[in-house]
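Colleague: Given chain X, work out where chain B should sit, using these hints.
Next come the chains, spelled out residue by residue.
2 protein chains.
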Amino acid sequence: MKKQLGPSDAIFPVPAALIVSGIKEKANIITLAWIGVASSTPPTIGISVRKQRYTLELIRKTGEFSVNFPGASLYKQVDYCGMTTGRKTDKFKETQLTPIESKKIKPPIIKECPYNIECRVSKEIIIGDYIHILGEVLESHVDLDKVDNSKRAGFDMSKIDPLVYFAQAREYWRVGEKLGDSYSVGNQIKKKS
Amino acid sequence: MKKQLGPSDAIFPVPAALIVSGIKEKANIITLAWIGVASSTPPTIGISVRKQRYTLELIRKTGEFSVNFPGASLYKQVDYCGMTTGRKTDKFKETQLTPIESKKIKPPIIKECPYNIECRVSKEIIIGDYIHILGEVLESHVDLDKVDNSKRAGFDMSKIDPLVYFAQAREYWRVGEKLGDSYSVGNQIKKKS
Numbered sequence: 001m002k003k004q005l006g007p008s009d010a011i012f013p014v015p016a017a018l019i020v021s022g023i024k025e026k027a028n029i030i031t032l033a034w035i036g037v038a039s040s041t042p043p044t045i046g047i048s049v050r051k052q053r054y055t056l057e058l059i060r061k062t063g064e065f066s067v068n069f070p071g072a073s074l075y076k077q078v079d080y081c082g083m084t085t086g087r088k089t090d091k092f093k094e095t096q097l098t099p100i101e102s103k104k105i106k107p108p109i110i111k112e113c114p115y116n117i118e119c120r121v122s123k124e125i126i127i128g129d130y131i132h133i134l135g136e137v138l139e140s141h142v143d144l145d146k147v148d149n150s151k152r153a154g155f156d157m158s159k160i161d162p163l164v165y166f167a168q169a170r171e172y173w174r175v176g177e178k179l180g181d182s183y184s185v186g187n188q189i190k191k192k193s
Numbered sequence: 194m195k196k197q198l199g200p201s202d203a204i205f206p207v208p209a210a211l212i213v214s215g216i217k218e219k220a221n222i223i224t225l226a227w228i229g230v231a232s233s234t235p236p237t238i239g240i241s242v243r244k245q246r247y248t249l250e251l252i253r254k255t256g257e258f259s260v261n262f263p264g265a266s267l268y269k270q271v272d273y274c275g276m277t278t279g280r281k282t283d284k285f286k287e288t289q290l291t292p293i294e295s296k297k298i299k300p301p302i303i304k305e306c307p308y309n310i311e312c313r314v315s316k317e318i319i320i321g322d323y324i325h326i327l328g329e330v331l332e333s334h335v336d337l338d339k340v341d342n343s344k345r346a347g348f349d350m351s352k353i354d355p356l357v358y359f360a361q362a363r364e365y366w367r368v369g370e371k372l373g374d375s376y377s378v379g380n381q382i383k384k385k386s
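Top to bottom, those sequences are chains X and B. Those letters in the first sequence? Residues 1 to 193, per the numbering used here, in order. Those letters in the second sequence? Residues 194 to 386, per the numbering used here, in order.
Calculated directly from the structure, the hints in this document are not laboratory data. Just so you know, these numbers come straight off a predicted model, no measurement behind them. Glycine residues also receive a C-beta, built at the ideal position from the N, C-alpha and C atoms. It cannot be assumed that every hint is accurate.
[To be verified] In silico BS3-like pairs for lysine-lysine, Cα to Cα no more than 25 Å straight-line:
#	chain 1	residue 1	chain 2	residue 2
1	B	K196	X	K111
2	X	K2	B	K196
3	X	K123	B	K244
[Said to hold, decoys possible] Pair ranges (Cβ atoms, derived):
#	chain 1	residue 1	chain 2	residue 2	range
4	B	K383	X	T62	26 to 32 Å
5	X	R152	B	E370	22 to 28 Å
6	B	K286	X	G63	46 to 52 Å
7	X	K51	B	M194	36 to 42 Å
8	X	M1	B	K217	19 to 25 Å
9	X	K51	B	I319	22 to 28 Å
10	X	D90	B	I293	49 to 55 Å
[Claimed, not checked] Derived contacts from chain B toward chain X, CB cut-off under 7 Å, selection only:
#	residue
11	I204
12	S232
13	P292
14	D322
15	H325
16	R345
Excised from the complex, chain X in its bound form:
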C-alpha cells in the first residue's frame, strides 16, 4: 500500500557537493544537492541553481566551476555553505576551507575535499525557476592518501568516508556497510532464471 505525496522532487541519496566559482579572493562556495551525471562520453555533470544565485553570475564570468566532494566530517561546513550567500560573506574564510589551484580552469578546488572535479560549461537550459548547467569534466583529483590502484575507481571509497545527503528529509548521513559489487551480484539472479 502506497501513499501519494504529490509532485515531489525527492530523489535519494544525493551528494551535498561544494561548487566553487569565481577566481582568487573572489572565489565562492555553494552547496548543491541538485547534481547528476549527464553523460559519460564526454564526461558531463549537470548542476541546477536558482536564477538569482550569486554562483550563477560567477559561473557565467569564467564559464567554469569546480565540484568538490566532502568527507562526512565536513558536514557542518557543507551546511554553512548552503545557508549563506557569497554576495556578503567570504565562505572560504568563514569555513577555513582552503582554495588550491585547479589544473585546467580558473576557479580553485577545495583542498579539504578528498575528491574534486573541474568543469567547463557546455550548455545552459532554463527549467522554470532554475538554470540547469551542463559542465564537461576536464580533470579530476583525489587525495593521495585515498589512492588505491587495486580498486576500480583508483581510490578507496571507504577512505573517502563520503557524506550522504537526503535533501527532502534535510538530513546528513554517512555510509555504513558495503553490500556487494555491481555487474556481479546480479549474476545470482541471472543464473537462477
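Modeller: Chain B only, in chain X's frame:
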C-alpha cells in the same frame, strides 16, 4: 597532496534507481545511476541513457517513465536490471518485482520499491553518446509503513533503508549513522564567525 585522475565522471553518492518505461506486459526496468534533480519548480528529474538503449525507445513511445528507489535489500535485483537488456528479457518476471498502476502515467511503478516518482518528459538534450532526458514530476508515492508525518519529508528515511551506489567503484552500500540536520548544523559555524 592530490593525484590527477583525468576527466572522470565520478560523482558520489548516487542512487541506483529503477526506471520503468513501456506499458503493461511490455514494461521494462533499467537501473540508472545517471540521475539528478534538474529543477524544483517545476519539480524535474534528469536521467541520462545511451542512445542505443531499449529504455529510450520505450520512453519515447509514451513520453513517460517512472523512477523507483530501492531499499538496500533489493541490491541484487537492482544489479540484475543494470546487466540485462529488456529487448530479450522480461525483467519484472526474472526479478519477481511487481508492476503496479501509476496514478498519472501509463508505465507502472514498482511495488517493492519504497519510493516512486511518475515523470512526463519535458525535454531531450543530446550530449555526445547520451540522451539527457528531463522529466517533470507529476506524482510521488511512498510505502504506507514508511509514512511519518513528524518528519519533514513525510516519511522516515531510516525506515526506507536506501541503497547507496558508488558508480565509479561499482559498489553498493547502505547508510550508517545520521550526522545531523541541514539548515541547522551550519549555524555552529555561523555563530562563531
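Colleague: Are any of the numbered hints broken by this structure? If so, which, sorted upward?
Modeller: Hints 2 and 13 are the ones this structure does not satisfy, whereas the remaining hints hold.
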